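The lines below spell out each chain.
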Amino acid sequence: MIEAQKLTKSFGNYKVLEDLNLKVKKASVYGLLGPNGAGKTTLIKHLAGLYRQDQGIVTIDNQPVYENPQVKGQMIYIADDLYFFSQASIDETAKFYSKIYPDWNWDRYEQLKQVFPIDSKRRVVKLSKGMQKQVAFWLGISSMPKVMILDEPVDGLDPVMRKKVWSLILQDVAERQVSVLVSSHNLRELEDVCDHIGILHKGKIVVERELDDMKSDVHKFQLGFAGDIPEGFLAGPEVLHRTQTGSILLLIARGDKNELLQTMKSANPVILDVLPLTLEEIFIYELGGMGYDIQNIII
Amino acid sequence: MTFKISLFNKTLILSDLKRFWWVSALYTLALMAYIPFSHLMKAMGMEVQNITWIQDTIDRMLSFSQDDVQAILICTVPVLMAALIFRYLQVDKSAVMMHSLPIKRSSHYASHCLAGFILLIIPAVLNSLIMILLDYFTVLGSFYTLPKIVTWLGLNIFFCLFFYSIAVLVGMFTGSSVAQIVFTYIIQILPIGIYVLLKFSLEQLLFGFGEVPYSLFIEDKYPLFLLFNSAFLRNPHMAGWLLAYILTAAAFLVLGWFVYKHRRLETAGDIIAFPAFYPAFKYGMTFCLMLVGGTYFCGASRQSLPMLILGYVIASALGYFVAEILIHKSFRVLHLYKGYLYYALVIVILLGGLSLDVSGFVKRVPSPEEVEKVYFGYNYNDWFYFEKEKNPEFLESRYQDSGYFEDNPPILLESQENIAGVIELQKHLIKERKREAGSSRYIIYTLKNGDYILRQYNINEADQSDAAFLKPIYESLEYKKLKFPAMRLVPEDIKLMSVRDDRSGKQPVNLTGTKDIRELTELLKNEGIKMSYEDMTSSRDSYMRISVLENNKRNEQNILVQSSFTSLLNWLKDKGYYDQFALHLEDIESVELEKVEDRAYSDNAATPSRVTINEREVIEELLNIDPSTNYISNDVSARFNIRNHVWSKRVSLEAGVSPKLKGYFAELEKDN
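Sequence order for the protein chains is A and B.
Residue 276 in full-length UniProt numbering sits at position 276 of the first sequence, and the numbers go up by one each step.
Residue 280 in full-length UniProt numbering sits at position 280 of the second sequence, and the numbers go up by one each step.
Just so you know, these hints were derived from the structure itself, not from any lab.
Listed next, the in silico DSSO-like pairs over lysine-lysine satisfying Cα-Cα at most 27 Å (straight line):
hint : chain 1 : residue 1 : chain 2 : residue 2
1    : A       : Lys99     : B       : Lys261
2    : B       : Lys104    : A       : Lys26
3    : A       : Lys99     : B       : Lys10
4    : B       : Lys495    : B       : Lys481
5    : A       : Lys113    : B       : Lys18
6    : A       : Lys146    : B       : Lys93
7    : B       : Lys93     : A       : Lys164
8    : A       : Lys129    : B       : Lys18
9    : A       : Lys95     : B       : Lys10
10   : B       : Lys373    : B       : Lys525
11   : B       : Lys93     : A       : Lys99
12   : B       : Lys573    : B       : Lys515
13   : A       : Lys121    : B       : Lys10
14   : A       : Lys99     : B       : Lys18
15   : B       : Lys93     : A       : Lys113
16   : B       : Lys104    : A       : Lys6
17   : A       : Lys99     : B       : Lys104
18   : A       : Lys146    : B       : Lys104
19   : A       : Lys95     : B       : Lys18
20   : A       : Lys121    : B       : Lys93
21   : A       : Lys204    : B       : Lys93
22   : A       : Lys202    : B       : Lys329
23   : A       : Lys121    : B       : Lys18
24   : B       : Lys329    : A       : Lys15
25   : A       : Lys23     : B       : Lys104
26   : A       : Lys95     : B       : Lys104
27   : B       : Lys18     : A       : Lys126
28   : A       : Lys15     : B       : Lys93
29   : B       : Lys338    : A       : Lys15
30   : A       : Lys95     : B       : Lys93
31   : B       : Lys93     : A       : Lys129
None of the values given here were measured: they were computed from a predicted structure.
So that you can see chain A by itself, here it is in the shape it has in the complex (with noise of 0.2 Å):
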């Protein structure tokens, strides 16, 4: 659905985006993450047709973004730095985003009250920041999007206001087959909806992987030995880190799980227990592998 090919970016003599390629799928989540200054922004802001690259593709459902009005018209993108006319009110920008994008929806406007209480007559640049956040989404839901580029959408909104707006996403995603990237430098936050994870560092991809793949192939084990723990047992599998206290030694290894299991169980431990992995720590631990310098990176 959004396909970006060779995207190549320079600002001035500073290279933002290099030879980038990155590809969501239909009705899927993707999440880009990155440390501040990684690119995010500059990438978004290619998908969402507002920079022109200096070189490479970027094209949604096959045709090219920039300048294209009948990409963008099925398109919302949700910056990270709101900008609203100063003088209309919520209603007010709802009948110019109604004017302006094809497929609005005012019953769903209308419903979508029920779920952002603030008052439609009000102004909106006099809203507080999080509720600004919340006008965002209620104009974008309602415009019917195909496409949702959010640029760290959820800054500044509330825990319950978070869940609300993502259960909306989602929901659009499995019901009307909306395809949404979301660029955050919060872990946890797109763990929990993302299916696709992208890491983008130093303007390029340097990570890109399904999530339900990574968790299911990447495993914690803490093994409890009598004794010394022996040595050599561990030569076969794919060790992505090693912690050993006294007789408990702590793995994250690569692999089957049952194949895993059956390596530690040769090895004779006390105890062997599988300890559940977040995505952080997956994370962490792939691209420590990878030589990046993890603190720069995952924040």
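Assemble chain B onto chain A, guided by the hints.
For chain B alone, kept in the frame of chain A given last:
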């Protein structure tokens, strides 16, 4: 899902109208207060004798030929409007929001442009309607006419469109609203500004440098100057010009559209939206500021060349680094000094070339065979419109004097002797290279191949060495014919000649008889032919003059009668006219001498020291003494009491006078 694509997006236009209607409303009110209502008030409170004055004021206002509040409004409101309408483009988050909408850039541009233009036109249209109503229903009906109102509306819309289009185009090139407004004005005065500054610098650096004969540098070609010079409807070619301006404005708008399409969104907030133009901006600013600095320092220090160079150095460095600060949006720009050094190198080479006269500009003197004619006068505009542009009507209409060139023919010399004489003079001037004394004069050759050589020198008629070269030219018949209106008189065209003496207080003698007129013109011509260089350049005041009224002219010409015109004076005496108008020694009853500085400086002096003279011979001496032209030295004012008239002149205390008069002077000093 079909998507209707049209250039103008109704939603955007309506949204702009909704957002910026208040500018339009304020502008409407301002115009209303300044034009129809103030007219109404003037007209209602009028007194009969003021009718023509009110009519004149109203006419000038409606035809934009008076610089006033209206001119300021018309050149600021459209620029502000353009800045407001395209403000969204100059701020990152609004630029992002607006361009994420499913609207093409061309549609954005066209819609916003149109919205701004509508907002600008509405106030003019509303005010025109009000004026039409006032025309029908109030006393203003006797001042307004429909064509005048329509002209006002048309001109208003024209100026709005023009200034708006410039501001829009400039806005596309820059990423900041402030820069947009500033550049809009800078760009309009840039051609003239650079020309004036460059001219000043070159005058200092190149001996003999004058103007540059290109019509590009005529102020009145630029609407902003046109508006404030109030030269608008006086231009006889205005219709053509208006059309050209409208086409230019349209071209600006089309160009702006093109630029918008290629503009990158990320440049919002930058001073220049296209990095390719950074060098042009940077070095352009460096160069312009260099000229400003040079002009300022050199002008303030009475044209000293080292100060010019100092001004160049300081101001160009300032310009360069300020430009870098603006481009990089940071004060840490000193490490970019290399670009300035390259610039300085180029300028040093250029200045070196100029001062060594590599192009041969200073020494260039044509050979007499090359020259078709030469202008040898004081007024560049006269030459420019008469000889170069061949459009004398333009200047005449600006001076509001249709007979201007007939009365003041430009001194274009065509005879071989005079061309050779001017060439010799120029060679002499180049050799001497004096800058100080004298008055600045143009020598402009029209060459046979169609080129022009234009130089400007200071020529001192009193200087012996200059005079030697000037004498043959001045004494030539060709020069005199152009210089003296008396040489061009045609007796048949003359209605009346009146001879007067400003000193005498007597009525002038009016001559209307054909015979008298014929004889007097003939005598005047002969006197002119006989006139020597010394008479022509003498600083002696001539008090007698002949006013000539010609049949088909409004203005009368004044011809001075010099004391060297003996045969003419004799003719007047023979005819008995002389006594009727001229001042005679016997007419003078007494002369009072008074120190000039007494009156000028001391407020307390109740009665300034004064000496009365009754001696005939001293009075005669005072009458014939050369008046003082040096207003700084301590002068004496001589008041001649002539029956029921008083005439005074200033005499220098240092003048060589007879012992008797000296005695009076001493008395004056003593009283002091």
